[in-house]
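Participant: What follows is each chain in one-letter form.
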Amino acid sequence: MLSRRVFLQSSSAAALGSRLFGAPTDSTKPNPELENLGAVALSEAKKLKATYCDIRIIRYRRQQLNVRLNPEQGTGKILEVPSISDTGSFGFGVRVIADGCWGFAASPLVAKDEIARITREAVAVARANAALKSQPVQLAPVPAYRVRWQTPHERDPFTVPVEEKLDVIRAAASEAKKGNGIFAAGSNLSFRSEDKYFASSVGSSIQQLNLQTYAGVNATAVDTKRALSKTRRYQPPQATAGYEYVPTMNLTENAGLIRQDVIEHLNAPPVTPGKKDLILLPSHLWLTIHESIGHSTELDRALGYEANFAGTSFLTIDKMGKQRIGSDLINIWGDRTTERGLATTGYDDDGVKATKFPIVEKGIFTHYQTIRDQANLIGEKESRGCCYADDWSSVPFQRMPNVWLEPGKPETTLEDLIAGVEDGILIDGDGSYSIDQQRYNFQFGGDAFWAIKGGKKQGMISRVAYQSRTTDFWQACDGIAGRSYWQQWGAANDGKGEPEQINGVSHGCSPARFRQINVIQTD
Amino acid sequence: MLSREESKKLADKALSFSTFPECEVNVSSSEAAFIRFALNGITTSGFTVGQSLSISSVRDGKRGSTSVDEFDDRSLREAVQRTEQLALIAPANQESVPPLGPQKYPVIENYPASTAQARNQVMIPHIRAIIEGAKARSLVAAGYMERVSETRAIANKQNNFAYGKVTDAYLSSTVRDAAGTSSGWAAQPAVRIEDIDGVAIARSAIEKCLRWKNPKRLDPGKYTVVLEPTAVGDLLPRIASGFAARAASEGRTFLSKPGGGTLVGEKLFPDSITLRSDPFSQLYSVLPWGAATMPADRMTWIEKGVVKNVFYDRYWAAKVGHPATPAPGSLLLDGGEKSLDDLIATVERGLLVTRFFYIRTVNPQTLQMTGLTRDGLFLIENGKVTSPVVNFRFNESPVRMLQNTIGMGKAIRTRGMEDGMVTPPLVVKDFPFTSISDAV
Numbered sequence: 026m027l028s029r030r031v032f033l034q035s036s037s038a039a040a041l042g043s044r045l046f047g048a049p050t051d052s053t054k055p056n057p058e059l060e061n062l063g064a065v066a067l068s069e070a071k072k073l074k075a076t077y078c079d080i081r082i083i084r085y086r087r088q089q090l091n092v093r094l095n096p097e098q099g100t101g102k103i104l105e106v107p108s109i110s111d112t113g114s115f116g117f118g119v120r121v122i123a124d125g126c127w128g129f130a131a132s133p134l135v136a137k138d139e140i141a142r143i144t145r146e147a148v149a150v151a152r153a154n155a156a157l158k159s160q161p162v163q164l165a166p167v168p169a170y171r172v173r174w175q176t177p178h179e180r181d182p183f184t185v186p187v188e189e190k191l192d193v194i195r196a197a198a199s200e201a202k203k204g205n206g207i208f209a210a211g212s213n214l215s216f217r218s219e220d221k222y223f224a225s226s227v228g229s230s231i232q233q234l235n236l237q238t239y240a241g242v243n244a245t246a247v248d249t250k251r252a253l254s255k256t257r258r259y260q261p262p263q264a265t266a267g268y269e270y271v272p273t274m275n276l277t278e279n280a281g282l283i284r285q286d287v288i289e290h291l292n293a294p295p296v297t298p299g300k301k302d303l304i305l306l307p308s309h310l311w312l313t314i315h316e317s318i319g320h321s322t323e324l325d326r327a328l329g330y331e332a333n334f335a336g337t338s339f340l341t342i343d344k345m346g347k348q349r350i351g352s353d354l355i356n357i358w359g360d361r362t363t364e365r366g367l368a369t370t371g372y373d374d375d376g377v378k379a380t381k382f383p384i385v386e387k388g389i390f391t392h393y394q395t396i397r398d399q400a401n402l403i404g405e406k407e408s409r410g411c412c413y414a415d416d417w418s419s420v421p422f423q424r425m426p427n428v429w430l431e432p433g434k435p436e437t438t439l440e441d442l443i444a445g446v447e448d449g450i451l452i453d454g455d456g457s458y459s460i461d462q463q464r465y466n467f468q469f470g471g472d473a474f475w476a477i478k479g480g481k482k483q484g485m486i487s488r489v490a491y492q493s494r495t496t497d498f499w500q501a502c503d504g505i506a507g508r509s510y511w512q513q514w515g516a517a518n519d520g521k522g523e524p525e526q527i528n529g530v531s532h533g534c535s536p537a538r539f540r541q542i543n544v545i546q547t548d
Numbered sequence: 200m201l202s203r204e205e206s207k208k209l210a211d212k213a214l215s216f217s218t219f220p221e222c223e224v225n226v227s228s229s230e231a232a233f234i235r236f237a238l239n240g241i242t243t244s245g246f247t248v249g250q251s252l253s254i255s256s257v258r259d260g261k262r263g264s265t266s267v268d269e270f271d272d273r274s275l276r277e278a279v280q281r282t283e284q285l286a287l288i289a290p291a292n293q294e295s296v297p298p299l300g301p302q303k304y305p306v307i308e309n310y311p312a313s314t315a316q317a318r319n320q321v322m323i324p325h326i327r328a329i330i331e332g333a334k335a336r337s338l339v340a341a342g343y344m345e346r347v348s349e350t351r352a353i354a355n356k357q358n359n360f361a362y363g364k365v366t367d368a369y370l371s372s373t374v375r376d377a378a379g380t381s382s383g384w385a386a387q388p389a390v391r392i393e394d395i396d397g398v399a400i401a402r403s404a405i406e407k408c409l410r411w412k413n414p415k416r417l418d419p420g421k422y423t424v425v426l427e428p429t430a431v432g433d434l435l436p437r438i439a440s441g442f443a444a445r446a447a448s449e450g451r452t453f454l455s456k457p458g459g460g461t462l463v464g465e466k467l468f469p470d471s472i473t474l475r476s477d478p479f480s481q482l483y484s485v486l487p488w489g490a491a492t493m494p495a496d497r498m499t500w501i502e503k504g505v506v507k508n509v510f511y512d513r514y515w516a517a518k519v520g521h522p523a524t525p526a527p528g529s530l531l532l533d534g535g536e537k538s539l540d541d542l543i544a545t546v547e548r549g550l551l552v553t554r555f556f557y558i559r560t561v562n563p564q565t566l567q568m569t570g571l572t573r574d575g576l577f578l579i580e581n582g583k584v585t586s587p588v589v590n591f592r593f594n595e596s597p598v599r600m601l602q603n604t605i606g607m608g609k610a611i612r613t614r615g616m617e618d619g620m621v622t623p624p625l626v627v628k629d630f631p632f633t634s635i636s637d638a639v
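Quick mapping for you: the protein sequence lines, in order, are chains A and B. Each step along the first sequence adds one to the number in this note's numbering, with nothing skipped, and position 17 is 42. Each step along the second sequence adds one to the number in this note's numbering, with nothing skipped, and position 109 is 308.
Chain B on its own, in the form it takes in the complex (with noise of 0.2 angstroms):
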């Protein structure tokens, strides 16, 4: 892995070569680790290395890119003059804006050597927990487990430097029945390799494979749900690309006020919904830039149910004349104290979801996406989960989600296959299963 000082002097010397008025570069290096196991056995692993460095050179507005992962002299040289040959046939960028002059970065470094040096002897006593419970109980456990380990380095001739490390480890399961009838899964992200608990991920998996024994049929219909963290987290971060201001003002998300302008101010949410940008949270490893490597910073977009940001990129804020901001990332959902089976207890009648999968956007405007429950979707009754339920398809918004949301217990951070984040499980009303699915 590239240390700080290797980055700048690789970062410098790509910058020696440049002969135009703006170049920057990027430069990373990385290394990750894995354990795919499936079958009650490893199935595939890995150790690879990488590195890559990505140089811009712009002139009147007009930039050429590309990126090399040799770092000799001769190819970076080669690899400037290539982004200056391409700069000269581009037409200028009539949204160009002037490159950042010296930023001051943040310190934000989450970055445990247990987990960036981690290799499969580190992995491999979870993945045997997971293995052996399954056997245990004549289940066929599946999963991966890996950590990554990059570093990032940024500058400009404008004399910005950065340089960043981030680490992160992962490990999740599927326990199904031997007969592919009943399925059950559990994750865990960490930071630091050593708050993974692979017998905790065996028990939740195996818990519900077994729980999900001769689901009911019910009616596609609303429902009052209770969505575990994964699930919020695969669906919610899907709202971020509705913040952006340019589109909420040019009237194409759902922040759009009809007419013109945004509805930043406006009380879309119950008092409950707060959601941040947190790159500080320890519960993330991030570098210390967002987008076009502008210094990362806490944002707030949702307070106490008013929308009270929306993210401006460098050229926009240039034109309305705003400060421009970091996009959304690190991203939290305030919650509470309460614990899950706390909330199933407030529910009458509802579904506990496990997860959600395979989630596309119906309608970029008002954020609709379809997608559907997986492994382990059970019916509440009377506070209680009463039996498992054949899967759902459902077609709702991130948006309308938080405006349905009538409970909330304590965040944690998620990764589903979807996306993740620190988020509470929820409560909900009304949420639309629209058709059946009978996946297992």
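So here's chain A without its partners, still in its complex pose (with noise of 0.2 angstroms):
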């Protein structure tokens, strides 16, 4: 048990965190101090003679800025709501195999002491897990690295003056409220860094700085008469990025097409359900993307390692190299190096160096994501760099890179997709997603949707959301926007693992269109 006495009189704690990640500096080289403290897990674990050990640090920080526009009850007087937070998390988690078992112990308290007994506590999980183990654990080979990364950026979000970014959201959310038609709306901005030091028992030292923006406008439109209301979103791609990629957002000249959107969509006729062809925008397309492809070639889905919770996979070993889950256009990347994405980083929580990887190649499903400890169970040399944890106190584990989309070709512009349809409807934004524990059966809504007749793009109709099953779906797919229409988009709540772990990832992909999609009519 940790000992509050101890925690209480720890007065030099706080300075910790900022000491031993501080500003970036020109080294290559971890901080000396976080090296040490490092030592401590990989001497204590050798000494009670675990097979494996690694450490991470590591303290984040979160800001998020929110403003909401709300009417006052019976003055319609608009009443500005904001909030401002800036939060705070520091500490370590222990990772050891030890008798063939993997065990797992985190605290927040950063300190040499701490270090070795939660190392002891990782290794008495081990051992007690020892007596039901079905096959001893094997880790693929990776080289040791002593290095320092950091997300790309020229602005660090948390030296950005908070008056600066409310400025932003202010703006974006009286944007979207202007003129009568609007009953609420609002902007947010938010920003998460990752400090992380890791250490393993291989030989590695790491120290990166993982950086991600996100932000939004919304606009709400409510008909008090019908008792329906709308509500319209615009939400930039999120990034792993600095503060520069903000003013690239367009808040505030977006704020302005949802409300016009919205009002539209409020008294939009409802869908004729039945097949039609689809076309979907990339800030839609990345979440099917992700819940059909990015989810049914994890590795521990496929053997079963998350069959209780997340499920397994229809993509199972012996379909690897094999199985088609789509038309020849459909060329799938997993990739943890790509520019702004979510999951990009140095090295994975394995010690392993980014990569990229093809998953899917004309159509054929040809790779998994892996971590090291499951690369022999499908008879490869090494990991694919898959493995992370959404905290110091979560066990890392295979979590999805950045999966994208190759772009059609060069040529292929978003009308020449519209022009090719007859009576077919053009999505954007995300809405609602579901899909089945083996990723066969999806029905995904939408945030906007728009008529497609006789090659040309109509007004906006509601009510709208599509089922498929995967290999139906990405075998529909006939034509592919040309790579200057490609933009990447992301979650940062993908959820996996128990307990539930929560990550951001991202997925790239350029306009599509498929053919004959079952199309329902919602509420």
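Wrong hints could be hidden among the right ones.
[Said to hold, decoys possible] Partner residues are not named here, just some residues of chain B that face chain A (Cβ under 10 angstroms, in silico):
# : residue
1 : 244
2 : 290
3 : 372
4 : 507
5 : 508
6 : 563
7 : 592
I should point out that these hints are in silico values taken from the structure, not numbers from a laboratory. Glycine included, each C-beta is placed from N, C-alpha and C at the ideal position.
Now that you have both chains on their own, put them together as the hints suggest.
Facilitator: This is how it looks when you write it as structure tokens:
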């Protein structure tokens, strides 16, 4: 147990996080003080005859700014409801293999004695579990690195004045609220930094800084006579980037567009259900890629490790290299190096250098996402670098890299795709999403829908969702726009594992066309 | 874990650094032990401790917030200063409410030491029972067991203070055949870890797996369903958001009355439906306060089919001249005495649903949801379960589910992947399944 007395007397703790990670320096090597702390875990584990040990010492900072513009009951006057929070978290987790089993323990008190104690806890956990191990853990080899890496950025978001950020979201919210047709509007900006030090008994010592930037603006329209409401959102692509990214989001300009859309959406006719051609914009298609391809190609699911929670996969091991899941146009990559991807980093939580690998080639499923303790299970020699955790207190495991769809021929335009549709729907933004535990059957909504008739985009329609099977859907793809349309969207809230972990991941694509997909009319 | 005295000392220390008229703090400490297993063996396991102190400072309606997990004087002082600096920059919240003065909090403590202190040695026998049971039938077990415990304290400069402790345990398992053609699931949440029965979980999950062989493909459509308690607990808690008084009055929930106002007092559901919140239930371990640190209390949302209450946050309550109320939590749907088999016996043709998966909102106003059946869907014919059925996707709202309820059994506490509550199994007519899922 953690001694509260020790805790309360630890007067230098606050200074420690800042000192250990501090401002990025020109050094290419980790802070020696971090290396000294990491060495405590490695040496304690060795003393206890653990066959492997790693430690992650992590400091998080999160800053969230929101503003909401609500109508006052009775007067209709606009009331501004802001919130600003700036939170932090600092701690470490130790992972060991002892008697062939994994053990893990974590604590928020970053001090040498506590690191040694927690390492002993992790070994005790591993030994207690060894009685019920199915097979000893076997790790794929990895080179030792001694390195420092950070998200490429020009302006650290945490050094930008809060006033400047408030100006951005207040302007966007005001623009979205303008006029009489909008009931309420809001905007937000948030930033997350992860200062992470990793040391392992392989000999690696890696210090990294990962930065993420998020924003959004929304507008709600209400028809009280019909007791009906609609909300339209603009969410710029979430990104690993510094504050320099924020001005390029054009929040205010897009706020004006969604204001017009939501009023039209509130009064838009419902869709006529049936088989229709769909043209899905990158702001929408990223989520379909994520659910149907991203999760089905996770090796831990295919092997059965997620059977009790997220589920398994229709892509069983025997299908690797053989199963057709899409048309010849479909080429999909797993990539932890793509510019601004939320899962982009330097090294994973196994100490494996970030990499890029094919998942689907010309429609055929070719590779799984893997980590060090899985590679041997499918006869592979090395990990594909997909190991990470959502916190210092969480166990690293196989998570998704950025998974992106290659663009089509350079000359193919969005207008070309639309021109080829007799009766279809153009969908922007994400809405409702649901897929089964083996990733066959899915249903997706969207944020905004436009009818396409006779090759031309028409007015908005409402109450749209489409249902399909993963392999039917991707084989129905007959057109992808060119590279100039390629955009990367993503989610900060991808959940997996027990206890559940939440991570960010991005999925890039160009607009794509899917033939004769089943469309239903929702409430 | 922080005691009441330690929590109070930390809260007072943080408040002592405050220079603003309003400052509120929330101190928490936590401990968790868990084991995850798959392929008939333990895969990951951990023991984690955590602590956090969150602070908000307010002056003239301008608020700044932060949280820290380092509790030394310097960290706390800097954190309070940071909130005050942020508040100086923040625009005034035009919907702000004054801080709560000293409140009378109920005595709620359901914190058995057996759960709060359990480690792997207590959990492993349950997991062994599942793994050995699965192996004996040449099946493959995966699952998860955890116990969590947490202390929490709230305090503000107006001398309000409260402290609470919660703990809970949970075991779930999915048992599949080696070929991956059949799957069964069972789970049990319990405040007292000694109530968890790994042998019973193993029996139930194994039986479902063995029964779900060569499932029939039925056409999508509307079916009478017998929803096991977990299936109800997956879907029904999503009704809670519709009970917000403000959103209902503003025309944004299923309780909005066309033309304005709410549907409180209207009989929207059958006589059998009574939905309540009961933080005093011994089936839950909860804190003595709820939303906005207001004292926890019992609330009735639906009584004998009539909408009795919507919940008023402090701002909206003041605005419309209604007392502020607790928000929905610790939910209970009243049941009867019938067993699951009794309910099945009442159905001429229908489907038995073990649980739902991946439920997401399709329409936030009507609360139409989509999701799928998983780990045990069976055909009922002439009052008996006759054969397994290939899984379905549904599109339905918990509102319509309650409106179409024609039978209910005995209530138990549930926890599925989606949510959980205390609920009976239900018989529901016209439940719409819209497509087939081949997932196992």
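Participant: Look at each hint and say if it fits the structure.
Facilitator: These are the hints, each one checked on the structure:
no.	hint	in the structure
1	244	holds, 5 angstroms
2	290	holds, 5 angstroms
3	372	holds, 6 angstroms
4	507	violated, 20 angstroms
5	508	violated, 19 angstroms
6	563	holds, 8 angstroms
7	592	holds, 6 angstroms
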